[in-house]
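Assembling the complex is the task here: the two chains are given apart, and the hints tell you how they should meet.
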Amino acid sequence: EAGVTQSPTHLIKTRGQQATLRCSPISGHTSVYWYQQALGLGLQFLLWYDEGEERNRGNFPPRFSGRQFPNYSSELNVNALELEDSALYLCASSFSGGAGEQFFGPGTRLTVL
Amino acid sequence: RKEVEQDPGPFNVPEGATVAFNCTYSNSASQSFFWYRQDCRKEPKLLMSVYSSGNEDGRFTAQLNRASQYISLLIRDSKLSDSATYLCVVLRGDSNYQLIWGAGTKLIIKP
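Residue numbers (this note's numbering), protein chains in the order written: chain B, 52 to 164; chain A, 48 to 158.
Worth flagging that the hints you see were computed from the coordinates, not collected in a lab.
Errors might be hidden in some of the hints.
For lysine-lysine, the following DSS-like pairs were computed, each having C-alpha atoms within a straight-line distance of at most 30 Å [stated by the list, open to error]: (1) Lys92(A) <-> Lys153(A); (2) Lys64(B) <-> Lys92(A); (3) Lys126(A) <-> Lys157(A); (4) Lys89(A) <-> Lys157(A); (5) Lys157(A) <-> Lys92(A); (6) Lys89(A) <-> Lys64(B).
Here the structure is a predicted model, which means the values were calculated and not measured.
The shape of chain A in the complex, shown without the other chains (with noise of 0.2 Å):
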């Protein structure tokens, strides 16, 4: 099983609908958690920290859950530039620090 998991879709979604993807992690010293896009052929970049009380940005809402070991990306509105690959990111808190890196989920929004 590995550590941390994303179903890897596509999602296709209608522009202007709501959109939310979990992610699952194996491991319970992880202490940090993250939500990084891909674009096609482009380097990841940072989305979103995930924070214990959750957070939101704009149109970003992201939620951690401890006890089941799982975070949550919403998205609200969802333009045609959303589409992307969501990559969910795991920091291990115990000896072996280090990120952990979901295989990413797949979003084509449709015009």
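Here chain B stands alone, though its shape is the one from the complex (with noise of 0.2 Å):
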């Protein structure tokens, strides 16, 4: 069975630019989280979506944002890059309702120049 991907790995931005990750879930879980890991620091939570509607938000300005398809993948996007939003973005999904058990992609990488 095919595990959470994210995808791109890497992405390399210059400051002020827009930034787009994508992620796809573990088939027939419902929720996707994303998560910021700044190198050598603790998750940081950012989003949560579940069946289509995003039912919590992390302490981040409003130019992370994001949206989750039909079909339970979801994108996230960050405006206006500033350098500290380099770090390893994280997506886990579960089932929904089980928000304890997640399962993660691998992460992408955003690099800010």
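Structure (structure tokens):
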């Protein structure tokens, strides 16, 4: 069974540009979560989507946004990139209501120059 | 104060030894608890859920102490492959339903 997939693996942008990151959950999972992990730091919760709706968001500015598509895949958009947005962005999925048991993708490493 | 706190370590432990880490949480509405493991430059993976009565999975034992608001992870007969960062995760049970992640405890098993 395929796990969570994310694309691209690496993304290099310059300050002020926009980045789009994509995630496909495990088949049967309807919840998708996005996290930011800066180098050497813990996971910071960004967004949670379930059944196409945004259920919760972490303490991040509005330039971090996303959506979930009818097939439960998801996109994270980061506008007006800043240098401190450089991090590993992890996507995880779970069954609806199974927020504690999340399965992670390999991440997208975003570098902002 | 962070909502979930862990000793960052590193814990340097000889192979075969027993090691334990604790994690404290501050939100009394927390309802579920988990340990995840993250290898260097890899994604986190669920190690085990933590049940109220405590639970064991092979060499790993997890305990929950609601009165003192901490959870623990015990690893017996440690292996070199246990070297990783162990993340304590707490699911809030209040209106702000989300997972809160600790920053992790780094464990290094030495031969």
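Hint check:
The hinted pair formed by lysine 92(A) and lysine 153(A) meets the criterion: a straight-line CA distance of about 15 Å does not exceed 30 Å. A threshold of 30 Å between alpha carbons decides the hint, and for lysine 64(B) with lysine 92(A) the separation of about 29 Å falls inside it, so the pair holds. At roughly 9 Å between alpha-carbon atoms, lysine 126(A) and lysine 157(A) fall within 30 Å of each other, so this suggested pair holds. As the CA atoms of lysine 89(A) and lysine 157(A) are separated by approximately 21 Å, the hinted pair is consistent with the 30 Å bound.
Proximity of lysine 157(A) to lysine 92(A) is assessed by CA-CA distance (about 22 Å); at most 30 Å being required, the pair is judged to hold. At most 30 Å may separate the alpha-carbon atoms for a hinted pair to count; lysine 89(A) and lysine 64(B) meet this at roughly 22 Å.
Of the hints listed earlier, there is not a single one the structure fails to meet.
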